[in-house]
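> One line per chain: the protein sequences are U and E, in this order. Counting from 1, one number per residue, gives the positions in the first sequence under the numbering used here. Counting from 455, one number per residue, gives the positions in the second sequence under the numbering used here.
Don't read these hints as lab results, they were simulated from the structure. Here the structure is a predicted model, which means the values were calculated and not measured. Warning: the hint list may mix true and false statements.
[To be verified] Simulated coverage check for chain U against chain E, where a stretch passes if three residues somewhere in it have a Cβ under 8 Å from a Cβ of chain E:
(1) 245-256
(2) 285-296
(3) 327-335
[To be verified] To spell it out: a stretch of chain E is covered by chain U in this simulated footprint if at least three of its residues, at any positions, have a beta carbon under 8 Å from a beta carbon of chain U; those stretches are:
(4) 563-575
(5) 586-598
(6) 698-705
(7) 849-856
(8) 878-888
Note that CB positions come from ideal geometry on N, CA and C, so glycine has one too.
One letter stands for each residue in the lines below.
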Amino acid sequence: MRPAFARRATAGKPQRPVVVVAALLALLAVVLGVFFWRSRPVLFPDDKRQAALPADRASILPKGAPSRFLQPHSVGLPVALKTRPLVAQLSIVDLDRDGLSDIVACDVLENRVVWLRQAPRGTFTESAVGTEVRAPAHAEAVDIDRDGDLDLLVASLGVMFPSNARIGSVVVLENDGRGRFTNRVLASEIARVADVRAGDFDGDGDLDLAVAGFGYDDGETHWMENLGNWRFRSTRLLNLSGAINVEIADLDRDGDLDITSLVSQEWEEVYAFVNDGRGHFEPRLVWGSTNDDFGSSWLTAADLDKDGDIDFLYSNGDAFDYAPPSGRPWHGVQWLENTGALNFTFHRLADFSGASSPQPVDIDGDGDLDVVVVSAYNAWDDPSAQSLVWLENDGRMRFAMHDLAASPTHLVTVAAGDLTGDGLPDLATGGMHISRPYDRMSRITMWTNGWQRR
Amino acid sequence: MKRAPLILMAAVLIVLAAAGIGMRVRSRAAAAAMLPQLPNLSGQPPAVIEHVKNGDARARRNPTSADAVGTLGIVYHSDLFYDAAAEAYQAAETLAPGDWRWPYLLVLVHLERGEAAQAAPRLRQIVAANPGLALAWLRLGDAEFKRARYQEAGEAYGRAETGTGPVTEVPAALPARRDTIPVGAYAALGRARVALQQGQLERARESLEKLVADVPRFGAAHRLLGDTYQRLGGADKAARHVARAAALPAYNAAPDPMVDALGRESRSSVLLLKQASAADLVRDAAWREYLIRRALEFDSANPDVVYEMGALLQQLKRPREALPYFEHHLDMVDDDLQTLVQIGKCYSDLERFAEAEATLRRALALSDDAVGEYNLGYVVEQMGRAGEAERHYQQALALNPGLAAAQTNLGTALAARGRFADAVGHLAEAVRLEPGNAAARNNLGAVFLQQRQMENASREFRLALELNPDHADAHANLGSALAEQGAYDEALRQFDEALRIDPRHAAASANRSAVLARTKAQEHR
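Kindly produce the complete structure, drawing on both the sequences and the hints.
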């Protein structure tokens, strides 16, 4: 009989399977630990992410439905054969003060300023104002000689296409009171002039001038002091090329008129020249973009939020400098909100390729200011690309874009005013057809507002 | 060992493993949720659609990888989907907080949209973590400048001048950027602008003078220096620097490897052509051509892209290669005036004058065009019809008096017919239109030379050589003018310089021999 041996104790020497299992588990723990560490898990991403929508795009509402309350009508001379209209700027103004709104336009193709006189209501008859003005870029109706009638103050580029030549001029088309106009050259052989406005800067009772000298590589913003007898003395304010617009407004509410200049080319800046009331100006950079291809195209002074101070509507949509002139997603419309003490806050209102000529207008009659905008450079091969839109203000300074028209294309200027006498703001647009396609051209178009009749 | 502790240990490890795996899954889900939704791609070219969808798929396969997600941002950014790019960059930054690339690229999105106020704080964070990153300092300087924060801008520019650029690998098969203006020069320009804004004219002058001495090809610096001299009352110096600026390439933004990377990634013809336009035509032609060829590869149905390819080759004086692109464009867009003019120019450059004439007449039948008239004038002039050429040049000038080339050609045509006074008028106008054009100055001087107005001639030749010291014709002509004035030694130096630049310059060689013969004859007497 075999003896019953007692099992030997194993405290000092573990059995092999257990050792293996423990080693594997330890290895697994190490591997998982490393894996866990390297993966840096994102458990609560919402806590870690910043707001996707920057504060300066908070004024953009989702796009609204297309609007069809504006009806287009071609006015003035038709588009001639073999020509491509080039209307640089237009305005709605009662030039002859007969109670009927007219349209005044800068026709670069014909090198003249034209007057589409409304008489009787609904009938527009076009005539040239004065004699030739080479590449007129902007015309302002103003009684510059204080004789009781409206003259036209015209900015002349000399040529529309890029040139460094000093071929710009400032011209007055002087009204004799009977609707006949005579050219008076106030300045010539200067940097190509894109805009000129009148205002009494030195408080002496006559109208001085603010001038945007675009030039090309060289340009300047300057003011011209009225010395009487059609003599002016020019003083440079800023020596930067690409001045497109000047606006005159009392920015700091001190009772005198200041000048604001939009400077494009590689600068893409907005400058205010703050007046001391005697025609001495202090320059101040209001806003600028570091994107040297931003494409500044237009500046309009307006109290957009109706808080009693002057803001600016500012569009960037220029694509003239390099081909192809098609749409660019960084183009759009901005509101530079005056927050006091010459400070302005940037608000993007809309992304819109080729944006140009933003105008404040209460187009829907709800008491707040909306914005109408045209496009001069969009992806025109896409039939849905818009040339005219409006930004509907919801009353809290947020804007929803509504399509208005995809045809005609290549619109560079829009003006708002009551052309039909029904109390509703109508629009007028001008076509600038410097690039293809040429299948949806226009020269001057009136858009009658049928909002209430919808 | 007792079994129970082992079982407990195993259970704990299994729970930990399960927790780890669970967290991993949760993390992937959370990371995937941070990825931007695919944007509306309707109307986009197929290449862009494919590019974006592939990038999205790759990122979703690996949503916790900062590189994969950041690359998705680059895909979106390069195809100009800004909102989606911003989301992707933010997600990548969350995954890899220490990697400067993602916040920097997000800054670029902000800046392209004009959102300098958004960009500046981010840039401060980037430079705080990466104090040597010159480009980030430069962009911070620019952003602060645009917000009129001049002190901050000046400090940032100062740091940009001493920092270094990011190093990114450029695949060997792709063209590298060449001979660009260094980042430090842009920073110095920025500091000078700050000084001018603060009314410190002398400080601006000193720094700009140093800058143009260090980087003489930086046109923007010359222009700003010209402005500074103007404000300091130095009209002559101002004019010299402005003329120098006019002879140099137009302003381009500081080269940025991160921006270049977008170009290499992009399938968007808009971005590719935008970057191409910013590349200097002379020094960076290979890069420019690369970008346009990419645009053509991905958007070949776009007539504007086809046109751009032709236009670039034309500008690079390769008309034989340009012609097929313009002809293709004409197939796509019937009777396009500009294309017909370009085709006419190609034929002219190839000396196929009869075809050039026919094409240009076809163009001008569509519409009046100053460049078309000028080109036609050149063509018929080459065919020996000088009178007709003059009429076309005059018509070009009637349409566009600022067309300097037409002023030049009309002037030289009139000079050839002995109508020197009229010629001088047109050539002087060409100089006025293009003060930085050395050839125009040379032409004007040549007419003065024919009229034996040696002082006027010498002045114009010297001005031409200030603008372009390597203008062989101007050297030769100046030599002739000096020889006529008896300054034989200097004349010989000018002829030698002309022959150094162009060893086959016939006029310089002949006139040099004539002057040597004359001086020998004088010595013998």
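> None of the hints should be skipped; say for each whether it holds.
Structure-based check of each hint:
Check on the region 245-256 of chain U: 0 of its residues sit with their Cβ under 8 Å from a Cβ of chain E, so the three-residue criterion for coverage is violated. With 10 residues carrying a beta carbon less than 8 Å from a beta carbon of chain E, the region 285-296 of chain U meets the three-residue requirement, and the given coverage holds. Taking a C-beta to C-beta cut-off of 8 Å, the region 327-335 of chain U contributes 5 residues in contact with chain E, enough for the three needed, and the coverage statement holds. Only when three residues or more bring their CB closer than 8 Å to a CB of chain U does the claim for the region 563-575 of chain E stand; here the count is 10, and the claim holds.
Proximity of the region 586-598 of chain E to chain U, defined as three or more residues with a beta carbon under 8 Å from a beta carbon of that chain, is established by the 3 residues found. Only residues whose beta carbon comes within less than 8 Å of a beta carbon in chain U count, and the region 698-705 of chain E has 4; three or more means the coverage holds. Against chain U, the region 849-856 of chain E contributes 3 residues with a C-beta closer than 8 Å to a partner C-beta. That satisfies the three-residue criterion, and the hint holds. By the rule of at least three residues with a Cβ nearer than 8 Å to a Cβ of chain U, the coverage given for the region 878-888 of chain E holds, with 3 such residues.
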